[in-house]
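Q: Next come the chains, spelled out residue by residue.
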Amino acid sequence: MAHKKGMPGAHVSHPNVTPLIDIIMCLIIFFMLVAKIGVDDGADRTIAIPASVLGTKITDMGNALVLNVRQGPAGTDEPLVTALIPGKGTIELRMYDPVLKRSPLLDTLRLFRFGRDMKTGGSGDNTDNTEFKIIIRGDQDMDYRYLEPLLKTAAEANVKNVNFQTKNVTTEG
Amino acid sequence: MKIKGAKQVHYDSGPNMTPLVDVVMVLLIFMMLVGKFGANEHYLTSNLPISQTGAGGTPPPADFVPDEPLEVRVDSPTQDRFVARAGQIQVTSGETLTAQLTRMLNQLKAGGTPPDKVQVVISPAKNVRYKFLIECYEAALRAGFTKVSFATAR
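So the protein lines, in turn, are chains A and B.
The first sequence begins at 1 in the working numbering and counts up one residue at a time.
The second sequence begins at 1 in the working numbering and counts up one residue at a time.
Some hints could be false.
DSBU-like cross-link-like pairs, simulated, lysine-lysine; straight-line CA separation at most 35 Å [said to hold, decoys possible]:
#, chain 1, residue 1, chain 2, residue 2
1, A, K101, B, K117
2, A, K88, B, K126
3, B, K117, A, K160
4, A, K57, A, K152
5, A, K119, B, K126
6, B, K109, A, K101
7, B, K117, A, K88
8, A, K160, B, K147
9, B, K109, B, K131
10, B, K131, A, K101
11, A, K57, A, K119
12, B, K117, A, K119
13, A, K88, B, K131
14, A, K119, B, K109
15, A, K152, B, K109
16, A, K167, B, K109
17, A, K57, B, K131
18, A, K57, B, K117
19, A, K119, B, K147
20, B, K147, A, K152
21, A, K57, B, K147
22, A, K152, B, K131
23, B, K117, A, K167
24, A, K88, B, K109
25, A, K167, B, K147
Which stretches of chain A does chain B cover? Using the computed rule of at least three CB atoms under 8 Å from a CB of chain B, they are [as the list claims (entries may be wrong)]:
#, region
26, 46-54
27, 153-167
Here are the computed distance ranges between Cβ atoms for each label pair [to be verified]:
#, chain 1, residue 1, chain 2, residue 2, range
28, A, I23, B, E71, 54 to 62 Å
29, A, L33, B, G144, 35 to 43 Å
30, B, R81, A, A48, 42 to 50 Å
31, A, L80, B, D80, 20 to 28 Å
Hint data in this document are derived by calculation from the structure and do not stem from the laboratory.
Values in this document were obtained by computation on a predicted structure and should not be read as measured data.
Just so it is clear, CB atoms sit at the ideal spot from N, CA and C, and this is done for glycine as well.
Work out the full structure, taking the sequences as your base and the hints as a guide.
A: Dropping the structure here:
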């Protein structure tokens, strides 16, 4: 007697998740490459910067120093300037230190601009950095009296490339 | 006769992929939340940040031809507005300042002075707010000037 062919076992098909994982892996690699995670340029995000329509992106952030500028103590025209200095963290840079009888801000700008000797010329650690730039991140409600000393100090340090950081506002906004 | 059922076919389902997908999804959401793509900020650049009047400093070379100065005086009668004077015209907004500076630039061009030979000097009073200065600065750039700087405070 011929055997009757039995019913085949019930088969539950599972979805193939391999393409899903491939796409998710691609997305993760994309976000890892384009996102900036943990990069601190010293910008004080609590400062309300002014808005502008025009503006350019700075690509060489490695050769730039971000100066956070706020209104200084009442009764003086001295601004409150902070910056992230490599090796020192975020420090305040005063216009003039009466104890040291020097200008920490001017010294810092000269250090970046002219090297360790803070003078024109030299080689190695004293090489002049003509492409050095500063980025001013100022409080939009700060008076010009607080910005002017900073600009004068930058001119004194022979820093010609000064940039003002602004919020990008589109005209269609 | 005992009818024997078909031999059950066992398919090898492989490792369970569900935890892997969960972990990958968490990583993806983490990356999306902590990363920031091109921040919504940019920069107004200047190569001549401040112009100081008066004597002193390194003397220019003998054949140096100074740029044509164009002063924009900025005052703030109240904290919430500014008044800018360019030429004989007085304006109170960035747009009107842009229009006025554009007219002035066209006049200079008609007189044979190119934009890169004109130095716009924004001369603010001490109490003018930074945001108004940026507005005036941007107005000069939008008008087509390439050299814009600030003067020492009045």
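Q: Compare the structure with each hint and give your call.
A: Each hint tested on the structure:
1. Between the alpha carbons of K101 (chain A) and K117 (chain B) the distance comes to roughly 40 Å, so the proposed pair goes past 35 Å and is violated.
2. About 33 Å separates the Cα atoms of K88 (chain A) and K126 (chain B), which keeps this hinted pair within 35 Å; it holds.
3. At roughly 18 Å between alpha-carbon atoms, K117 (chain B) and K160 (chain A) fall within 35 Å of each other, so this suggested pair holds.
4. With a CA separation close to 25 Å, the supplied pair K57 (chain A) and K152 (chain A) stays within the 35 Å bound.
5. Annotation: proposed proximity of K119 (chain A) to K126 (chain B) holds, straight-line Cα distance about 32 Å (limit 35 Å).
6. Our distance criterion of 35 Å between C-alpha atoms is broken by K109 (chain B) and K101 (chain A), whose separation comes to about 49 Å.
7. Taking the CA atoms of K117 (chain B) and K88 (chain A), the gap is near 42 Å; set against the 35 Å cutoff, the hint is violated.
8. Straight-line distance between C-alpha atoms of K160 (chain A) and K147 (chain B) comes to about 12 Å, which keeps the hinted pair within the 35 Å bound.
9. Restraint check for K109 (chain B) and K131 (chain B): the C-alpha separation of about 30 Å stays at or below 35 Å, so the hint holds.
10. Using a Cα cut-off of 35 Å, the hinted pair K131 (chain B) and K101 (chain A) holds, with the two alpha carbons roughly 33 Å apart.
11. Between K57 (chain A) and K119 (chain A), the direct Cα distance comes to roughly 30 Å. Compliance with the 35 Å bound is thereby established for this hinted pair.
12. Proximity of K117 (chain B) to K119 (chain A) is assessed by CA-CA distance (about 31 Å); at most 35 Å being required, the pair is judged to hold.
13. For the hint linking K88 (chain A) to K131 (chain B), the alpha-carbon distance of about 31 Å falls within 35 Å, and the restraint holds.
14. A threshold of 35 Å between alpha carbons decides the hint, and for K119 (chain A) with K109 (chain B) the separation of about 41 Å lies outside it, so the pair is violated.
15. Taking the CA atoms of K152 (chain A) and K109 (chain B), the gap is near 31 Å; set against the 35 Å cutoff, the hint holds.
16. A distance of roughly 32 Å separates the Cα atoms of K167 (chain A) and K109 (chain B); the hinted pair therefore holds under the 35 Å criterion.
17. Between K57 (chain A) and K131 (chain B), the direct Cα distance comes to roughly 19 Å. Compliance with the 35 Å bound is thereby established for this hinted pair.
18. With a C-alpha separation of about 25 Å, the suggested pair K57 (chain A) and K117 (chain B) falls inside the 35 Å cut-off, and the hint holds.
19. For the proposed pair K119 (chain A) and K147 (chain B), the alpha carbon gap of about 27 Å is at most 35 Å, so the pair holds.
20. For the hint linking K147 (chain B) to K152 (chain A), the alpha-carbon distance of about 17 Å falls within 35 Å, and the restraint holds.
21. For the suggested pair K57 (chain A) and K147 (chain B), the alpha carbons sit about 19 Å apart, so the restraint of at most 35 Å is met.
22. At most 35 Å may separate the alpha-carbon atoms for a hinted pair to count; K152 (chain A) and K131 (chain B) meet this at roughly 19 Å.
23. Proposed proximity of K117 (chain B) and K167 (chain A) is supported: the alpha carbons are some 29 Å apart, at most 35 Å.
24. This hinted pair does not check out: K88 (chain A) and K109 (chain B) have alpha carbons roughly 50 Å apart, beyond 35 Å.
25. Note on K167 (chain A) and K147 (chain B): the hinted pairing holds, with a Cα-Cα distance of about 22 Å set against a maximum of 35 Å.
26. Against chain B, the region 46-54 of chain A contributes 6 residues with a C-beta closer than 8 Å to a partner C-beta. That satisfies the three-residue criterion, and the hint holds.
27. Under the rule that three or more residues need a Cβ within less than 8 Å of chain B, the assignment of the region 153-167 of chain A holds, with 11 such residues.
28. Roughly 60 Å separates the CB atoms of I23 (chain A) and E71 (chain B), a value that falls within the hinted 54 to 62 Å.
29. Hint check: L33 (chain A) to G144 (chain B), Cβ distance near 38 Å, so the stated range 35 to 43 Å holds.
30. For the pair R81 (chain B) and A48 (chain A), the supplied restraint of 42 to 50 Å is violated, since their beta-carbon distance comes to about 18 Å.
31. Between L80 (chain A) and D80 (chain B) the CB atoms are about 23 Å apart, so this pair conforms to the stated range of 20 to 28 Å.
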